[in-house]
Amino acid sequence: MAKMNMLHAINSALDISMAEHPQACIFGEDVGYFGGVFRATSGLQEKYGKHRVFNTPLTEQGILGFANGLAAFGAPALAEIQFADYIFPAFDQIVNESAKFRYRSGNEFNVGNLTIRTPYGGGIAGGLYHSQSPEAYFAHTPGLKLVVPRNPYQAKGLLRACIKDDNPVIFFEPKRLYRASVGEVPEEDYTIEIGKAEVVKEGSDITLLAWGAQMEIIEQAAVKAEEAGISCEIIDLRSILPWDAETLIKSVTKTGRLVVSHEAPITNGFGAEIAATIQKECFLHLESPIERVCGLDTPYPLALEKEYVPDALKVFEAIKKSVEF
Amino acid sequence: MTNPNNISLNISHALEFIDGHALNIPTLKILSEQGDILDGATKSELDKETALKIYSTMRFIRLLDERMQAAQRQGRISFYMQCLGEEAAITASAAALKQDDMIMAQYREQAALHYRGFTLEQFMNQLFSNEKDLGKGRQMPVHYGSNELHYLTISSPLGTQIPQATGYAYGQKLKHIDKESGELNSEIDNVTICYFGEGAASEGDFHAGLNMAAVHKAPVIFFARNNGYAISTPADEQFKGDGIAARGVGYGIKTIRVDGADTLAVYEATKKAREIAVTTGEPVLIESIAYRLGAHSTSDDPSGYRTKDEEAEFKNNCPVARFKAWLLKQNWLDEKEDEAIKDKIREEILAALKVAEKVQKPALEELVSDVYDTPIPALQKQYEELKEHIKQYPDAYPITAGRIK
Ligand SMILES: Cc1ncc(C[n+]2csc(CCOP(=O)(O)OP(=O)(O)O)c2C)c(N)n1
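Order-wise, the sequence lines are chains V and A.
Residue 151 in this note's numbering sits at position 151 of the first sequence, with consecutive numbering throughout.
Residue 146 in this note's numbering sits at position 146 of the second sequence, with consecutive numbering throughout.
Hints were generated in silico from the structure; no laboratory data involved.
Predicted model only: the values in this text are computed from it and were never measured.
Please note that the accuracy of each hint is not assured.
Stated by the list, open to error - In silico DSS-like cross-links for lysine-lysine, where the CA-CA straight-line distance does not exceed 25 Å: (1) V:Lys306 with A:Lys387; (2) V:Lys50 with A:Lys240; (3) A:Lys391 with V:Lys320; (4) A:Lys336 with A:Lys48; (5) A:Lys217 with A:Lys179; (6) A:Lys329 with A:Lys342; (7) A:Lys254 with A:Lys272; (8) A:Lys391 with V:Lys224; (9) V:Lys306 with A:Lys405.
Claimed, not checked - Computed Cβ-Cβ distance ranges for the label pairs, DEER-style: (10) V:Gly43 with A:Ile376: 34 to 40 Å; (11) V:Val182 with A:Asp100: 51 to 57 Å; (12) V:Glu46 with A:Glu49: 34 to 40 Å; (13) V:Asp15 with A:Asn316: 39 to 45 Å; (14) A:Thr2 with V:Gly69: 54 to 60 Å; (15) V:Val199 with A:Glu121: 52 to 58 Å.
Unchecked claim - From the structure, some residues in chain V lie toward chain A, with a derived Cβ separation under 10 Å: (16) Gly32; (17) Glu60; (18) Phe66; (19) Gln82; (20) Phe88; (21) Gly106; (22) Asn107; (23) Leu128; (24) Thr267; (25) Leu296; (26) Pro299; (27) Tyr300; (28) Pro301; (29) Ala303.
Think of the CB as a built atom: it goes at the ideal place given N, C-alpha and C, for glycine as much as any other residue.
Bound conformation, chain V alone (with noise of 0.2 Å):
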């Protein structure tokens, strides 16, 4: 085990695939000698190459088109998108070509080599275009896979398996926790399955689900819930694409009440999935509505992010209303 921040433990998952596959690629604005914007890949050009670790024109489209059709041929093809708000302009290479490839080709192809890296999520001082979680637009597309870790150690499990996974997998990394996360990581491989939640802690009065750097917020909010006498279990989603409904189904069978939170917008993002899905299957098991402690229905604000964002005091807020019910 060593001590690894989130960028470092990215960049030992990246390490292993490189070394793992002689045609594995890694490629994104800036990626190059640089290291990227963030640093995730930094040394991995001294190590591998210009031809396989390089910087790309700046064009998110021709970076995805680029992707698709390198893992088609069969190369793990890791592709960095700098920003998650600029994986916009591939939109269409992700939900018409990565996400239906096999599908529309009776699988004669697919790029399931294909893993995008990018990083997602406010708490930046970065305004509209450096702070949003954009993973519901792809949550709506079969044929994607998309993976959120919330601490160093799940990075690069996560990772290593959306790497090695056979569809097309988007990572979101929350760049808030990039250097702010430090924890245990060991530096051999490992890998944590795909589409299995986590229960982080166990409780006996309310389920509190969240992914990704949102996870650190509800945990603070159970802190607050514990000292006013309430048990909360928490969840860590981990797997938006596919989601472990099951994991989450028995925790509020048990106990009966159910807050999920996520950073974008709360209108159509996947707690609306979550919550319609937990009042089908846990119906009678519910003691109070579903709570959502969301971002308002608006764009990612700058100078008033501490109002928009959903915190510690707005989850405990929720958790006492679903208690007081």
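Since chain V is already given, all that's left is putting chain A with the ligand on it; use the hints.
Just chain A with the ligand, lined up with the frame of chain V:
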């Protein structure tokens, strides 16, 4: 013979491929590094008043950039981007336009905005995202915009302004199309200038925007700022062939390449480009060759990807110094007076910074205004709930709590 392919057929029997660099487009240069008009150079029409306004704009932006770069390091603002090295290209091109021509910029073009009359206070209010910011504190520093000054508010996603400029310019032209003949019946009164970096020119939006402008004839001036780098990526990892200018030619657009550190060359080229656009209604492309003297932004450290020697070489080719040398030789500028004015601007900047820093942040209602023309019901409800929450925990939301009605 009919020509459905829309190309000029020039039959050859030799199996020859044209090299990507074959065009080799020349670079217009009028002023020498020492500030002398070069032999045989196009005569410049730049008058004294405009010349001094250009110079004072460049000087102001240098000082503002210097001060705000430092302010970012002191943690007083979160982010900053300098125009360093491109002051001549931006200011002289803006000066060659009419005040009410539209400007669609990328982000590094504060000099064009100041030339138009954006005040020191307006710059500061945006940089501090306070309640006086025209953008209501929603975007990161340097995302300026002003409807009054015909300067579209900056959007971070690169290249998006390029096809928009085509559409806007097409609108400007429509006013002058004769209903009967469908031809331009007069000179167009306004054009759009669209600035973008050589990096942004790789985006799909660039290709879409240029192609649309060429085919549908929009009076837009595409101003490509080729400054050598897109963050850490050098231009030779960005494109092949003869620069962005070659693409203009490829799309059938009248194109010129200029020395972007040469105020006179940029001014003359843009003046001529405007003339072409207003008389023919067609697009023009200008590629400015300059060097991004500073870091990409305050989040960047260029020492990792370019050498000290390279930077030093370009420091000696300072666009502001070159223009100043010419002004001095013209006897339009006096060294002593220049120094005095600089000191005065420095003081003004510092004072304005201190004022803007203390102006309060936008009120809570600005969080939900402008998402739609009026907030939709769901958002209205979210806002009411948020207000209640903040009233309950005022200490946790110090920026807005005290002002909630
Ligand atoms: C669509 C999109 N992708 C990525 C970014 C991140 N980004 C911001 S500036 C920049 C480099 C731009 O370089 P260039 O266009 O050459 O302009 P310069 O900074 O050199 O003036 C990048 C990659 C972005 N803003 N938008």
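Legend entry - Hints violated by the structure (numbers, ascending): 10, 12, 14, 18, 21 and 22
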